[in-house]
Every structure is written in structure tokens, then in C-alpha cells.
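Colleague: Take the sequence shown: its letter number 243 is residue 243 in this note's numbering, and every next letter is one higher.
Possibly wrong hints are sitting among the right ones.
Said to hold, decoys possible - Taking lysine-lysine and the DSBU-like style, the derived pairs with C-alpha atoms no more than 35 Å apart in a straight line are:
1) Lys288 / Lys360
2) Lys222 / Lys238
3) Lys360 / Lys477
4) Lys482 / Lys415
5) Lys162 / Lys293
6) Lys414 / Lys360
7) Lys162 / Lys62
8) Lys288 / Lys62
Stated by the list, open to error - Between beta-carbon pairs, the in silico distance windows are:
9) Asp230 / Ser147: 51 to 61 Å
10) His532 / Lys379: 27 to 37 Å
11) Gly397 / Asp377: 31 to 41 Å
12) Lys415 / Lys62: 23 to 33 Å
13) Asp54 / Ile419: 19 to 29 Å
14) Asp377 / Asp85: 29 to 39 Å
15) Leu400 / Asp230: 54 to 64 Å
16) Gly397 / Tyr144: 13 to 23 Å
17) Pro369 / Gly397: 43 to 53 Å
18) Asp435 / Lys252: 46 to 56 Å
19) Glu151 / Lys288: 27 to 37 Å
20) Asp186 / Lys288: 35 to 45 Å
21) Leu382 / Lys609: 23 to 33 Å
22) Lys284 / Asp54: 11 to 21 Å
It is worth saying that the hints were derived from the structure and are not from the lab.
Where is the CB? At the ideal position from N, CA and C, for every residue including glycine.
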Amino acid sequence: MIVLRVFVRNDGKEHNMKIPRQFLGVNYISKIVDNFQDHVGNTGTAVTFHEPKDCKDVPLEKAATWELSLNAAITTDLIRKLACDPNCALDGLAVCKGESLLFEAYRTPYSERYPHVTNSTCKTITAIAVMFAISEHLLTQEDYVLSFFPEYDNLLTPKHTKKLTIYHLLTMTSCSKCNEIVSVTDDDWVRAFLTLDCQYEPGSRYIYNSMNTYMLAAILNKVTGMSLVDYLTPRLFKPLGIGNIRWELCPKGIERGGWGLHLSLNGMLKIGIFLANDGAYHGKQLIKPAFIKEMKRVNIHQDADALATGYGYQIWHLPGDLMMLSGMFGQHVIFSEDTQLVVAMNAHNDKMFPDSVLVKHVIRYMKNPQTFQPDGDWKERLQYRHLLQVVSAFQKGYSLKNDWNLLQYHTYCKKQQDILAAKGQKVLEWCRAFDGKRLRVNTETMKLFPYMLQGLYSPGPFSVSDISFKLKETSLKMCFYKERNRKDTDTGRERIELEAGADAYCIQQISVGGNRMDVAVKVTPATDEDEHKVILLDIIFLEEGIHRRIKFFLFGEKVAVELAEYPDMRAIVEQVITGDAVIAGNTYDIADKIPEGFRVLLEHKVEPKIYATLLDLTSKKK
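With the hints as constraints, model all of the structure from the sequences given.
Modeller: Rendered as C-alpha cells:
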């Protein structure tokens, strides 16, 4: 349990309470459960996005470590720790100081071309939009939520709902019973939020709930007469040079506010710079400092031993002067007002809390006094060159477990290239067993898309009936068929074609539930504990940061197929049903009601092991 002190502006009183540790941005649990209970033929619903017009990514100016008063050796150590720690599952990392970029690096196959989902990180951006609206006298923190939606203010309106203010939404103290599950059970989220009562008196308790932030987006849509993206573009995105943005919309065409924003590391860094500078960028004050200071003020105080020490307006406080924008699975921006250091990162780990291993590594780096003490001139310059080497190796997907000096870098790269080439050749040789063959599998258990993707974007489960293979010179081409027809031919069958590089990613675009998605696919050789050959098929959904892994175990003509995904839905749910974590808002009752059902579904469906026989492509056997 975490003890919180909540300061409620309306009455000025300090309230003490105990609450469970909360998930960051947990959404769609109900939908995920529904998808476990698979319905063949479900095609899913396409997610719509809003993108800013005439807004481009403008790169930050680069600077060396000695110009930024940063230590290259310590920064290099940070990269190695994050890249080598499997609990981090790092996709991208960027560091800047002031308005100068030290580096921005994406692990292959990720790149700046594909904006990465930020999850709850965007809650802070929605709060920034609210502060702009307050500065323009469009609303105040004390305004009642119902005043913006008078159509729901009647005799049947719950009494607590009538008391809800903008301040309650900003500080996660609404205590509303309407939580993230509404996003998959109702088409009108505003109506659902205002017609459901609150669990407790508004302002009396902190309960993390993404629907609070959605309501802020809906209110901004009302008072500005425009979308959240359009409102922020001239005020924030364009002045900061942030482009390559996509924000998911609710069924009513309003940005989701608390989740659904896709943004590059470049954009994430600039948001951190903007907040660290109290609303200034490139010498221009975009909003009066008082409004950003108010946003960053601590409203929720946690125990001293908690990693997150407090909560402002949709922004987390960390030890010292550090503050954080945080999203589940490792999407974070951490900045310091004193040092003007900003670190942004994307990941695909299983952690839904701000106190992940990823965050702990970064906190230690940013709080270390030696981080801001470059070595002597010549030594620092050599260490900086080494830092650039490590960044380059990270981006190429090379292992960073072994160190090298400046003169050894060429040899190191050649060795890594040889290793990759050898693995690529080996996997192609192993794949010959699949060439021109068809693999019949069980449609009830074989799913092409990860369960996490099904929960987030509602694509149909795409139950696979069989897979055909064709070996090419440097890749393996596969065709996943959704179902068999009566004549057992391929004509008219729904299918998805993927081309996997031999230990090198092939990037392509596929359609998932009506959504066009960029994926990177490769095959890699491996062996199990019994030395059986295993072919690993990795499918990475680049903007979603979600991975599907299909393992093919070779036993002569017999093949065993096993599924895995990252982030791992099983690990996430285990946190829920074991009591290690409690879902935000009201959704924790799901864990109380169906823990055993979850366990059964996870055991039998998340990672099924299917045994099948390779058949000739021309085979007509059922």
C-alpha cells in the first residue's frame, strides 16, 4: 500500500489515505479477455487517427559531451546497461541538455521514420493543452465538468458527478467509476463518464484513471471548437518543430487524450525541454511560466520510499528535482529543471509502472554528480568518439556485452557482421525443410497477431489454419491463411503474406483489422535445451512496439509451433491476478472475479505448442 496526501484546492484540507499501487495507462483488459474467447471470422474495427497539418520534425542541433558538460564514459555506460538488461527491452534512447542533442538512437529495425506509441506519456501533453486553454481564459481549474456538457445535467445525474471539476481530472482525483473498460464497451465515452457515479467524494482520493484525461480532451474539443491536435499544432507542435504525429480518436472523433499518441524520440525530447524551461523554447516563451509551474506543482505526495514521490497535473515527480512523463511498457521522458538534462526512451518491456528497471537506470545516471563532470580535454574527446561507436553499434543491432577500444571498433564490427552472416546462412539452410511446403495448424490456438495488439487495436484474432513457405535467396516468404475452404484451395482465402529476412529484418506493410501497419520480420536460428533445431520468426509492429515471436521446432517431418509475445500478456496478467499490481481505477474487480479463468486462458492460449506435419504445397489432404 502507498500512503498519499492529497491537497484539494476546493476546501484547502489535507486528506490522508491508503491506496494500492496503480497501473500506468492500463486499457482494454476487458477486450483482451474477449479476444481470448476467440470468435473466428471477427474482422475487428479500424482505428482512426488525427495527424497535424504542415508540421514537420525539425532536428535538434547536435553537440559533443564537453560542450554539454556531460561525461561521455558514464553516458556510454548508461547505454550499455539499458541495451544489455533484458528487463529494459529498449527500442530507442535519446539524450539532450538544454536544447542541444547529444544523440538519438533507435535499435534496428526501429527508426525516426516510425513514430512510436507513447501510451500514457501523452497524458502530460493533454495537460499542457489544458494549461494553454486556461491561459487563454477558455476555462479554469475550478470549472465544473458538467458545465461543458449541459445535456447531461438533469435530475438523474449522480450527485458526485455534479461536483467534478477540471482540477479533479488533472490530478486523478475524480474517483469516477467510469474507467478504461468503457473504451471498448461504449461508443459515447463522455456520456458514460457523466452518467456513472463516483466511488468516493471527488477530490478525496487519488485513483489513476485514463478516462480523466480523455474527458480533458473532450472538454478542450468543446471550448476550442477544434481537435486536440489542431489546437496544439500552432501553440506547441509547430513552434517546437514536432511532426510525424498520429493521435488515435475515440468513436466520436475526439483524441483519446490519455493514450494513443504516436511520437518520435525527437518530439518526446522537445516536450521535456519545453517543460524543463517552464514553457520556453529557442528563446521564445510559448506560454507564461506560471502556468507550467502550476502544472508541475506536486498535488499528490507519496511515501518517501516510493520511486515516484508525487504527482502534479498529469506529470510524475521523482527523487530530487527529476520529473517524468510515463507510459506503460517503457515509454518515458525524464527531465531535470536544474541541469536541463532530458532523457527520452521507448521500450517493449512488461512493466506498467513508473518504477521499472529502465527508469531506475536513468535516475541513477541523472542524479550522479560525475555525469556532469567531463574528463580532461583529450581524454573526453576520445571517450566521446567511443560513445558514438557504441551508439552506432546499438542502432545496428550489435551486441554491446563486450567492450572494445577505439582502434578495435572496425574489427568488432567485422566480427559482428560475420556472426550475423553466419546465422543468416545457417537459418536459410534450416529453412530448406520448409521450401515449397505447407504447415497445417490448429485454428483454435494458432494466432498470427499478439494478444496485446488485439487488445489495443481490435484486429480480428486471425486464426491461422495453415502456412505455406517459399525459400528465396536471402529470405523466407510465408503466407498465413486464415481459414480453409471446402475445396481446400487458396482461391479467395483471407491471407497475410510476410517476407522474413535471414537474421536481417525485412520491413513491409500489412493490413490488421482495417489498419495499415508497418512490420519488420526476420528468421533466426536457435536450439532448444535438447539441441533440437529451432527457427525463430520475429514480427515487430514498429509503431506499436509490440512483438510476436513464432518458434518452429524441427523434429524431422514433424514440426512443433510455439507462440510468444513482447510485452508478454501472461506476465502482465500475472501481476494482476497475484496481487502484485492492481489495475487503475475500478478495473481491479476483473482480477477479483476471474483470476482462475485468466490462468486457464493464459496456459492454453497465449503460448500454445502445436504439433503439425509439413506437407507438399500441392497436397489435397485435409
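Colleague: Could you run down the list of hints and mark each one as holding or not?
Modeller: Results for each hint:
1. Lys288 / Lys360: holds (32 Å)
2. Lys222 / Lys238: Holds, at roughly 22 Å.
3. Lys360 / Lys477: Not satisfied, since the Cα-Cα distance of roughly 41 Å exceeds 35 Å.
4. Lys482 / Lys415: The hint is violated at about 41 Å.
5. Lys162 / Lys293: holds (29 Å)
6. Lys414 / Lys360: Roughly 34 Å separates the two Cα atoms, so the pair holds.
7. Lys162 / Lys62: Outside the cut-off at roughly 51 Å; violated.
8. Lys288 / Lys62: holds (28 Å)
9. Asp230 / Ser147: 51 to 61 Å: violated (23 Å)
10. His532 / Lys379: 27 to 37 Å: violated (50 Å)
11. Gly397 / Asp377: 31 to 41 Å: At 33 Å between Cβs, range holds.
12. Lys415 / Lys62: 23 to 33 Å: Holds: the Cβ-Cβ distance is about 29 Å, inside 23 to 33 Å.
13. Asp54 / Ile419: 19 to 29 Å: Since Asp54 and Ile419 have Cβ atoms about 45 Å apart, the given range 19 to 29 Å is violated.
14. Asp377 / Asp85: 29 to 39 Å: holds (32 Å)
15. Leu400 / Asp230: 54 to 64 Å: Because 42 Å falls outside the window, the suggested range is violated.
16. Gly397 / Tyr144: 13 to 23 Å: The hint (13 to 23 Å, Cβ to Cβ) is violated, given that Gly397 and Tyr144 are roughly 53 Å apart.
17. Pro369 / Gly397: 43 to 53 Å: Because 33 Å falls outside the window, the suggested range is violated.
18. Asp435 / Lys252: 46 to 56 Å: holds (50 Å)
19. Glu151 / Lys288: 27 to 37 Å: holds (34 Å)
20. Asp186 / Lys288: 35 to 45 Å: holds (38 Å)
21. Leu382 / Lys609: 23 to 33 Å: Cβ of Leu382 to Cβ of Lys609: about 51 Å, so the range 23 to 33 Å is violated.
22. Lys284 / Asp54: 11 to 21 Å: At 19 Å between Cβs, range holds.
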